[in-house]
Amino acid sequence: MNYSDKVMEHFKNPRNVGEMDSPDGIGRIGNASCGDIMEMYIKVKDNVITDAKFKTFGCAAAIATSSMITEMVKGKSIPAALKLTNQMVVEALDGLPPVKVHCSVLGEDALKSAIDDYLKKTTGKGLEGLKLKNNEAGPGH
Amino acid sequence: MNYSDKVMEHFKNPRNVGEMDSPDGIGRIGNASCGDIMEMYIKVKDNVITDAKFKTFGCAAAIATSSMITEMVKGKSIPAALKLTNQMVVEALDGLPPVKVHCSVLGEDALKSAIDDYLKKTTGKGLEGLKLKNNEAGPGH
Amino acid sequence: MKRIYLDNAATTPTLPSVLKEMLPYFSERYGNPSSLHSFGQEARAAVEAARARLAGLINCQPAEIIFTSGGTESDNAALFGVLYANKSKGDHIITSKIEHHAVLEPCQWLEKQGFKVTYLDVDKYGLVDPAAVKAAITDKTVLVSIMHANNEIGTIQPIEQISTITKEAGVLLHTDAVQTVGQIEVDVDKLGVDLLSLSAHKFYGPKGVGALYVRKGTRLEPYIRGGGQEKRRRASTENVPGIIGLGKAAEIAKAEINERVAHLLPLRDRLIKGILDNIPEVILNGHPVQRLPKNVNVSVKYIEGEAMLLKLDLEGIAASTGSACSSGTLDPSHVLLAIGLTHELAHGSIRFSLGRTNTDKDIDHVLEVFPKIVKKLRQMSPLYKK
Amino acid sequence: MKRIYLDNAATTPTLPSVLKEMLPYFSERYGNPSSLHSFGQEARAAVEAARARLAGLINCQPAEIIFTSGGTESDNAALFGVLYANKSKGDHIITSKIEHHAVLEPCQWLEKQGFKVTYLDVDKYGLVDPAAVKAAITDKTVLVSIMHANNEIGTIQPIEQISTITKEAGVLLHTDAVQTVGQIEVDVDKLGVDLLSLSAHKFYGPKGVGALYVRKGTRLEPYIRGGGQEKRRRASTENVPGIIGLGKAAEIAKAEINERVAHLLPLRDRLIKGILDNIPEVILNGHPVQRLPKNVNVSVKYIEGEAMLLKLDLEGIAASTGSACSSGTLDPSHVLLAIGLTHELAHGSIRFSLGRTNTDKDIDHVLEVFPKIVKKLRQMSPLYKK
Ligand SMILES: Cc1ncc(COP(=O)(O)O)c(C=O)c1O
Ligand SMILES: Cc1ncc(COP(=O)(O)O)c(C=O)c1O
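Residue numbers (the working numbering), protein chains in the order written: chain E, 679 to 819; chain Z, 679 to 819; chain L, 1300 to 1685; chain Y, 1300 to 1685.
Hint data in this document are derived by calculation from the structure and do not stem from the laboratory. No experiment lies behind these values; they were computed from the predicted model shown. Ideal Cβ positions, reconstructed from N, Cα and C, are used throughout, including at glycine. Please note: incorrect hints may appear among the correct ones.
Each pair of labels, with its calculated beta carbon distance range [to be verified]: (1) Y:Pro-1565 x Z:Asp-699: 46 to 52 Å; (2) L:Leu-1613 x Y:Leu-1564: 54 to 60 Å; (3) Z:Lys-811 x Y:Lys-1411: 47 to 53 Å; (4) Z:Asn-691 x Y:Gln-1360: 43 to 49 Å; (5) E:Lys-799 x L:Asn-1577: 53 to 59 Å; (6) L:Ala-1351 x Y:Glu-1558: 51 to 57 Å; (7) E:Asp-683 x L:Ala-1348: 25 to 31 Å; (8) L:Ser-1337 x Y:Asn-1557: 31 to 37 Å; (9) Z:Ser-682 x Y:Leu-1564: 37 to 43 Å; (10) Y:Ser-1387 x L:Thr-1641: 19 to 25 Å; (11) Y:Lys-1553 x L:Ala-1351: 36 to 42 Å.
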């Protein structure tokens, strides 16, 4: 596969791998039958994402995307994190092969699901108008 | 073309090329539209073919066949010459490529036409039951 | 870093001795075999010598061999050529669900043109049941096409049993032997097939050249049309160096075939055993015994194939996977699904295919590196709960 | 004996510099470009570099190039692929009577499947009349296929004028440029074509590899089916060494093209003049000016082509003929008949096709030897009356 050095670097040394003790939000996206599952955990303090972790079943692009997006959201406020698009993740990775762009969509969706989960837990209602780009599976699927 | 050495030898050095002054029989077979024309001239004395010559428009196989058949009939009696088949010419040439076997048929036909012509001139009637194998053209065509 | 090539089912290196025979036919003996002059005739003679060598490997007459551009064209030409040439006889093909795409896609195209295709199921080992072939034959059946051995899981089909049935029924039998020619014995008479596809680059010949064996008397419409080459059965200026390479590869294969099998079987079995013993929750795909000597295919639970493949590549080990992530489509290998694997297990498959030069040391290295890779990826997997 | 190769329209030697670039891809960088590991990726990169080189030669985007097994496959794939992909639009093809068999035979096959084909006449020089193309277009016409230059008589067609017409009519235009790519300028935009066939071995690349240019947006069904290669437009493991050879041959052709033309034109014209001046009753076939720089084709009255060819071969000169005697069929060249030659003249044709390394000395030799051969054969001919 024709991956950028950045993708390979994140695949070789993924950041923020693992589960989180008592996370403030959890997002789970994808399913094994399409070959990708991402779980994202966030810690939030004063409306700012202070930590993020992930577990991913998937290809190198899925793993690199997960790693990159957890790096990108750390330190961002919830509104700022919500502005993160899969396109920005792809750019941060110096591009993805066309057939792999859907992995970055999963990453964006996993993050949004985690924020949705956090909001539900704290405000009782989830992300307004939450629409996941990847229509294969909803949160918690 | 995958010709035997014998064919190539007769093609390079064809025997008995040329016309004949006052031949006793002339056979002409084939036509230019199928790419082969053979003219055969025979001299007959006491029912024996004492000389044979040819002119041929055609490929190497046609030329070699003509050369070989003129060699083969010289010294043969008319009945013996009539027993000459294209198969015998092919064998004498150490074989011909399958697509070229029709050239040897032309040779046999040219010889028969020449004998037919000789018989017509001498006896007033031609070769009984003359059937040329090559149905493209009759004698003198 | 030493690189270990374990993807011999995808392609093999051209043997130096094969390349050596090809070389003069590029820039020196470059004639077109259809040309009548001496340049052409020396090329023609070389092509015919190569045909005889290949005939020697699969035990047929040289005239029964049509040179093609590879296994895919051979498969396309066989299916298309038999069906169109026998339209008056019938319109029905029987094949299996685990054929190579080079058979399946032409079948799908033929269906669009009105032909009928039966795709037979296979059992969990990937075996076609000869009785199912028999049951599927109708009076409209023209051709049965069952591969000799599967490229992914290595299962070898009971072609001899199937040919007994097709002969009885008066139906033609084609086999895609791309994965077996040069690897195990392939004898068209013993197999009893009427058509057989092969490809040079799968057994140490060059890429871009293959052949279709067509039993004498079998009616076949040409697929590539336009000239008198290959006795009007396959047009186009012959790939002379490629054909010579194929001929030489066949000659070497014939001499080496027993040696090749004897060399690979213990390596294959050690690798299978080593993986199954050292990594928990791994299953072997394909038949345990009726299996290509070069083929090892396992599914590793909880992790995905492309990730494994790339981790192995980073350690210098070249392998392959049936995961969808590697193919650019959303579906994993149709073969792995057909033998009953879940999508998850199909995505978690990895294939090692061994070759002539692999050694015990190579196996050692894989067995050292691979369990660690699996462990790392599992630690990252949300599906894996220790 | 020095051999003089004057059959460059049949095939050309692979340039040593082309072969040199191919060599590592046989036994060292042997990966399958579809493989994800490093062996595969280095092969993939090389294939894409070759694609870019070829795109540079014909002035297209790399993505518009599909690699094939040669000119014949490219022609088959173009005709079949366009007609089947555009079935809803129409069913009519327009072509000419002097196309290569690689175009004519697929047309005949398509006719059997119910498609309609118009075969346009040509004038005595072998030119297609653009007005005739225009007149033949109906609302069912999908494709016009007219060759860029004829392989036998060298006549170059007015493709630019034809493309003005096809564009206006909204009809696709294919050209068989097997004889022009690498020989004269070929620019797909200047020509205005939608599809173009080429073959490596006609311009100093290896045999068994070619390409089909398909303008972006043109619908095309694949012809060789079975895998995701070439963006699903042509299945089969890529012929990596062959493709790299094609790329290198393209790069060299681009650099040399003006030089090639400048070198061949005077040689061609000297040979034509020399033959016409020194041998009575000879006619030049093809167009006197709109003609491939390499092509000399004459008909010699009263004698047959194969005999001339073999006599020349005995003198070390390699040529070609349109005589039936060379083809194994009963009919002489359809091209020579289409330009109005009698059977006798068609049988008496001989083609010399020049190449990169031919010299004035070679021409001298032909002009010394050929008249003598003609004289000898005429002395043997029953048609020749001095
Ligand atoms: C079983 C099988 N059939 C057909 C093919 C196609 O062969 P090729 O790539 O030479 O066209 C392959 C390999 O790709 C194969 O493994
Ligand atoms: C005009 C033309 N088209 C097509 C072809 C076929 O090319 P190939 O022999 O590479 O298949 C040739 C040469 O044989 C040709 O001259």
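Going down the list of hints, with the structure as the test:
| no. | hint | result |
| --- | --- | --- |
| 1 | Y:Pro-1565 x Z:Asp-699: 46 to 52 Å | holds (49 Å) |
| 2 | L:Leu-1613 x Y:Leu-1564: 54 to 60 Å | holds (56 Å) |
| 3 | Z:Lys-811 x Y:Lys-1411: 47 to 53 Å | violated (34 Å) |
| 4 | Z:Asn-691 x Y:Gln-1360: 43 to 49 Å | violated (60 Å) |
| 5 | E:Lys-799 x L:Asn-1577: 53 to 59 Å | violated (42 Å) |
| 6 | L:Ala-1351 x Y:Glu-1558: 51 to 57 Å | violated (43 Å) |
| 7 | E:Asp-683 x L:Ala-1348: 25 to 31 Å | violated (49 Å) |
| 8 | L:Ser-1337 x Y:Asn-1557: 31 to 37 Å | holds (33 Å) |
| 9 | Z:Ser-682 x Y:Leu-1564: 37 to 43 Å | holds (41 Å) |
| 10 | Y:Ser-1387 x L:Thr-1641: 19 to 25 Å | violated (40 Å) |
| 11 | Y:Lys-1553 x L:Ala-1351: 36 to 42 Å | holds (41 Å) |
Taken one by one, the earlier hints fail for this structure at numbers 3, 4, 5, 6, 7 and 10, listed in ascending order.
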